[in-house]
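A.B. asks: The chain contents come next:
Number of protein chains: 4
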Amino acid sequence: MKSQWLQDSIMMTRGVGARREPRVHHLTEALQSSYHYTIGPYSAPVLHVQPGDRVVVETRDAFEGKIKEESDKPSELLTMPYLNPQNGPIIVEGAEKGDVIAVHIEKMSPRGADPHGFCCLIPNFGALTGTDYTALLNEPLPEIVRKIKIDEENVYWSRRHTLPYRPHIGTLSVSPEIDSINALTPDNHGGNMDVPDMGPGSITYLPVRSPGGRLFIGDAHACQGDGEVCGTAVEYASTTTIRVDLIKQWKIDWPRLENADAVMSIGSARPLEDATRIAYRELVRWMAADYGFDQWDAYMLLSQCGKVRLGNFVDPKYTVGAMISKHYLK
Amino acid sequence: MKSQWLQDSIMMTRGVGARREPRVHHLTEALQSSYHYTIGPYSAPVLHVQPGDRVVVETRDAFEGKIKEESDKPSELLTMPYLNPQNGPIIVEGAEKGDVIAVHIEKMSPRGADPHGFCCLIPNFGALTGTDYTALLNEPLPEIVRKIKIDEENVYWSRRHTLPYRPHIGTLSVSPEIDSINALTPDNHGGNMDVPDMGPGSITYLPVRSPGGRLFIGDAHACQGDGEVCGTAVEYASTTTIRVDLIKQWKIDWPRLENADAVMSIGSARPLEDATRIAYRELVRWMAADYGFDQWDAYMLLSQCGKVRLGNFVDPKYTVGAMISKHYLK
Amino acid sequence: MKSQWLQDSIMMTRGVGARREPRVHHLTEALQSSYHYTIGPYSAPVLHVQPGDRVVVETRDAFEGKIKEESDKPSELLTMPYLNPQNGPIIVEGAEKGDVIAVHIEKMSPRGADPHGFCCLIPNFGALTGTDYTALLNEPLPEIVRKIKIDEENVYWSRRHTLPYRPHIGTLSVSPEIDSINALTPDNHGGNMDVPDMGPGSITYLPVRSPGGRLFIGDAHACQGDGEVCGTAVEYASTTTIRVDLIKQWKIDWPRLENADAVMSIGSARPLEDATRIAYRELVRWMAADYGFDQWDAYMLLSQCGKVRLGNFVDPKYTVGAMISKHYLK
Amino acid sequence: MKSQWLQDSIMMTRGVGARREPRVHHLTEALQSSYHYTIGPYSAPVLHVQPGDRVVVETRDAFEGKIKEESDKPSELLTMPYLNPQNGPIIVEGAEKGDVIAVHIEKMSPRGADPHGFCCLIPNFGALTGTDYTALLNEPLPEIVRKIKIDEENVYWSRRHTLPYRPHIGTLSVSPEIDSINALTPDNHGGNMDVPDMGPGSITYLPVRSPGGRLFIGDAHACQGDGEVCGTAVEYASTTTIRVDLIKQWKIDWPRLENADAVMSIGSARPLEDATRIAYRELVRWMAADYGFDQWDAYMLLSQCGKVRLGNFVDPKYTVGAMISKHYLK
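Chains as they are written, first to last, in the working numbering: chain A, 25 to 354; chain B, 25 to 354; chain C, 25 to 354; chain D, 25 to 354.
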């Protein structure tokens with residue numbers, strides 16, 4: 025039985041496939057065959073789905089399984105830009121520029137026997153180090169690999185610390201119109217946003233810019249803090265079940281998200297203030313367009329009750345979500 | 025009877041006045057006489073307190089009561105830099121450079137009969153407009169004043185929207201060592217941080233840099249969203265009760281905060297990424313210094329469970345708090 | 025007869041085609057046929073050249089000729105992302121990842137009878153306005169089109185002001201390895217850098233990342249100030265003559281430039297400090313790798329004699345060049 | 025005999041003391057007695073001058089002479105915030121809020137027998153390192169001190185490199201209205217701008233905000249590159265001769281500069297784009313207010329011929345100058 029919020033969601037009230045009985049597709053490793061490191065209109069589709077269909081996706085971890093032990097060296101095993109492998113592209117039948125693809129994440133499970141996740145300190149990557157862009161002359165931080173046992177209850181970080189299993193999808197995208205953007209960079213097509221709210225119980229809305237939308241998905245995290253500050257979360261191979269739908273002629277410029285409690289606009293940019301400005305402006309516009317607010321009242325009300333989530337704070341563009349409780353949208 | 029977290033807090037376990045019976049001081053409007061618009065070592069103290077004392081402070085609203093009606097024009101009534109009036113300075117006996125002043129906010133009540141708060145859209149001020157620093161050629165946004173009835177339960181924003189009364193102190197400071205900084209700007213002395221967590225049930229720790237610490241306080245908000253995006257919260261005149269204590273020889277570089285659930289480091293800077301970096305680095309250092317973490321483990325763990333609060337996103341420097349649940353500090 | 029600096033240049037001393045008699049290719053509008061709005065590995069080459077060859081390129085203006093009169097409306101005639109049309113890709117035979125393609129701009133002439141350039145104020149674009157990234161609620165600036173007569177001596181801006189004709193190429197690129205990046209955005213592949221020094225008498229060095237390098241060129245400016253602050257220069261259709269060469273196994277991460285007087289490293293990023301950091305770090309590394317400097321001496325010397333050029337200050341990433349006089353490299 | 029540009033300068037045509045025979049004051053080390061590390065309204069004046077007077081100032085180097093040998097450790101000898109000692113405050117008789125103080129730098133000479141300058145790499149300070157604000161976990165760069173012989177011709181950097189003596193004043197200020205700002209930070213009162221153009225042959229205009237203006241000066245550099253990237257220039261003790269004048273009721277918000285060739289507006293902020301925006305917006309406004317430009321024409325013309333100078337790129341706020349040739353102001 026569906027929860028009430030889901031029945032009332034934008035996806036279920038406006039999605040063209042909302043009332044269809046979902047057909048279930050399995051996007052296995054074998055079907056995917058070669059994963060993608062760039063998100064654009066130039067790759068061959070692996071799957072065609074109807075709006076309302078369900079897809080069970082076998083995602084690889086962000087290191088594509090190359091990091092296996094704590095003694096491994098990321099700098100030796102990982103090669104830019106061949107990181108953060110993505111499943112897809114999935115063609116959503118009927119999706120055209122100006123539409124929105126909705127992705128309801130239903131379930132995320134660790135994949136494989138004795139599942140583990142990996143967290144790495146990678147040289148010149150992370151929030152508290154010089155990087156390729158914040159280009160400094162300091163020596164890099166040490167390389168460290170943590171191998172972490174996980175199950176559907178917990179993330180067993182260390183003897184001292186066990187964290188709850190709170191999975192989410194780090195990278196979720198449609199294709200840009202003519203560009204192809206590496207899987208490490210978020211932008212207005214989605215991409216590597218690393219928003220912890222993007223897990224089971226959330227619906228993400230993505231602006232379609234090319235025929236079929238061309239959905240990409242990957243980068244499962246067993247848990248993640250705000251900002252993913254060391255550069256990586258607990259990266260793991262997942263079985264992720266999504267339901268995909270299509271909302272016709274909903275013009276949005278940036279990704280949006282909905283869950284039981286709130287709606288969120290998501291911006292990705294540098295500097296971080298620009299990501300935050302985008303997120304809040306999109307939220308003001310959304311409230312004005314769909315929820316009957318005068319834009320100045322929306323702006324001033326958000327000054328009293330808006331919430332901010334820092335998504336990634338380590339990628340070539342940073343990601344911020346601006347939220348308002350659904351309570352204020354009635 | 026005190027709550028357990030408070031008894032276990034840094035303030036109550038390390039404060040030199042923690043076991044004293046507090047003497048109560050009343051810092052009334054009359055005693056304050058002239059409020060301050062700059063926070064530094066050059067103003068005359070209004071009060072001397074012993075560590076562990078309680079002070080009941082009559083704060084003025086950030087517009088110093090000059091905005092009275094919705095038809096008022098901020099651009100006509102407000103004059104830079106004579107904004108955000110501060111109570112103080114309060115001398116904490118025995119405070120010296122290298123110590124920390126702890127401020128436990130015990131209670132905040134609206135002051136006066138028929139209390140109201142004010143929220144203003146001020147030209148060239150706010151997160152989604154050009155400003156004096158983000159200097160553009162666009163026309164400013166309209167001036168708008170909202171007068172909002174408040175009580176200790178609610179903030180009556182509009183017919184459609186009632187918000188819960190969730191008060192906090194926007195500006196809390198010790199004096200810089202030799203500088204004097206206007207009350208609109210936060211920095212490592214505290215200042216106009218606008219962190220919503222800095223309300224009743226929180227303890228703020230401020231690094232002493234001048235004799236007696238010279239505590240300033242003001243800028244009460246009846247509620248505020250993350251970022252205070254339109255530039256102002258529900259600004260009101262409050263009666264704020266604080267207990268002040270002194271922790272000797274605790275070397276901290278930036279303000280910190282503690283409540284029942286979490287500890288937080290607070291950074292203020294532009295661009296916003298620098299505020300966030302400061303907050304997270306201070307938290308890493310705190311975990312390493314006081315909670316037995318290896319710094320790399322702290323950094324990597326925060327990547328999994330750190331939380332970020334956006335404080336002000338409109339002042340000359342932006343403010344970010346980085347938090348970790350006390351659960352992980354045991 | 026070649027000038028001495030050119031004979032001594034990196035291109036002429038290390039280029040594999042430096043001593044060849046150049047074969048001249050004509051990349052006409054007809055041959056180009058369809059111009060490109062994204063720079064990547066997915067488009068069909070229009071030309072193959074040998075290292076050392078000369079190419080005479082017919083570039084279109086950045087508006088692709090759609091703006092014809094001062095009464096035209098950019099917002100009606102221009103469609104994102106179909107802007108800044110590029111010639112290419114040109115395959116340089118033998119170019120492989122890890123090599124460098126050198127582009128000596130020999131000559132730039134206005135094209136067509138009665139040549140004019142256009143400068144436009146485009147809504148939400150430019151340095152002193154809110155934009156898609158610096159997302160604000162202010163109304164956009166007015167749309168304005170200036171049509172400016174040009175010849176090889178002057179740019180006839182207005183009755184009051186005549187500017188010297190100082191042409192340069194705004195957009196010069198090789199292909200990224202797997203991404204395709206719109207022609208409006210600069211990055212480490214080159215792109216829309218808008219560096220005024222990139223005109224006749226300069227050699228640009230670009231890091232090869234895909235087979236043949238895949239050279240793109242476009243966006244001629246009859247003159248341009250530092251930052252191109254209003255968003256556009258005097259944009260015109262040009263005949264641009266370049267000589268192209270190949271330097272094997274020169275590992276550079278970002279574009280570089282050389283002219284008679286100086287060498288320059290070029291960084292593109294946001295915030296602007298990151299672009300500047302990249303430019304200066306690359307210059308430090310260059311001085312250490314090729315000119316016998318200790319890196320700390322290079323860093324400290326640049327603190328005394330480094331020069332900075334602001335290229336574009338309006339695109340999705342900003343561009344900065346850091347220079348040192350060749351006098352100090354002897 | 026005065027040069028023509030000087031006779032035509034704003035200072036000489038609008039200064040109330042321009043036609044007076046200057047009285048010469050000597051602000052010696054002895055008269056200064058204690059130098060200042062913070063610039064504000066709270067310090068006692070050391071000198072009163074009439075508009076049009078000349079002052080010969082004995083400035084100390086930015087390290088106040090504490091660094092004497094290349095074996096010295098800045099981290100042991102320097103103490104924040106007691107750095108960058110300033111002469112002053114000098115009261116300019118008649119200066120009131122809303123006026124401008126003009127400072128013509130006439131001459132700068134090294135002071136003392138066998139004059140030397142010092143350039144230091146100071147831990148966590150500089151453009152290519154983590155700092156107190158860009159707060160990272162990397163190890164700091166090495167501490168290095170360079171002792172450099174100087175005379176009025178040259179700066180003898182090393183056996184390999186001799187640089188021309190191109191002195192300028194790094195820090196030039198009036199007092200803020202109520203704040204006091206450390207001598208390391210530039211803002212709209214002037215401060216530690218480190219603009220290489222601010223040397224002999226330049227006039228700087230500073231906005232008066234307190235009675236008498238309260239002029240501070242210090243931080244002589246024997247030469248400096250754009251950005252002062254390693255954090256320090258060739259810092260030296262100077263004898264600097266300035267002529268000071270007063271322009272009544274000229275409302276400017278940020279410092280401005282004039283020399284023989286150009287006028288410049290100066291902005292200081294972070295991120296660097298905000299400093300650049302301020303500088304260019306002030307220049308647009310200046311052209312519109314004083315030189316007969318429509319603001320949109322000024323904006324679009326600067327897009328063709330504006331020049332940018334990066335001043336400091338290492339202080340708590342970065343400094344940028346935007347210039348236009350006087351040729352275009354006729």
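Keep in mind the hints are simulated off the structure, nothing from the lab.
There's no promise every hint is true.
Because identical chains cannot be distinguished in the list, a pair is counted as satisfied if it fits within a single copy or across any two copies.
[To be verified] The list that follows gives simulated cross-link-like pairs (lysine to aspartate or glutamate, DMTMM-like), each with its CA atoms no further than 20 Å apart:
1) K92 x D277
2) K171 x E53
3) K331 x D285
4) K275 x D285
5) K26 x D285
6) K272 x D314
7) K171 x D32
8) K90 x E167
A.B. asks: Between the shortest in-copy and the shortest cross-copy C-alpha distance, which are at most 20 Å for K92 and D277: within, between, both, or neither?
C.D. replies: Neither way: K92 and D277 sit 39 Å apart in one copy and 30 Å across, limit 20 Å.
A.B. asks: Since the copies are identical, ignore which copy is meant and state whether K171 and E53 lie within 20 Å (CA to CA) inside a copy, between copies, both or neither.
C.D. replies: Neither way: K171 and E53 sit 22 Å apart in one copy and 57 Å across, limit 20 Å.
A.B. asks: Up to 20 Å between alpha-carbons, please classify K171 paired with D32: within, between, both or neither.
C.D. replies: Classified as neither: same-chain Cα gap 40 Å, cross-chain 34 Å, threshold 20 Å.
A.B. asks: 20 Å Cα cut-off: does K26 pair with D285 within a copy, between copies, both or neither?
C.D. replies: within (15 Å within a copy, 33 Å between copies)
A.B. asks: Which holds for K331 with D285 at a C-alpha limit of 20 Å: within a copy, between copies, both or neither?
C.D. replies: both (12 Å within a copy, 19 Å between copies)
A.B. asks: Are the CA atoms of K272 and D314 at most 20 Å apart within a copy, between copies, both, or neither?
C.D. replies: Within one copy only: 15 Å inside a chain, 54 Å across chains, cut-off 20 Å.
A.B. asks: Should K90 paired with E167 be assigned to within, between, both, or neither, using CA atoms and 20 Å as the limit?
C.D. replies: So K90 and E167 pass the 20 Å test inside one copy only (15 Å; across, 39 Å).
A.B. asks: First find the shortest C-alpha distance between K275 and D285 inside one copy, then the shortest across copies, and answer within, between, both or neither for a cut-off of 20 Å.
C.D. replies: For K275 and D285, neither the intra-copy (23 Å) nor the inter-copy (41 Å) Cα distance is at most 20 Å.
In the structure shown, a violation is registered for the earlier hints numbered 1, 2, 4, 7, in ascending order.
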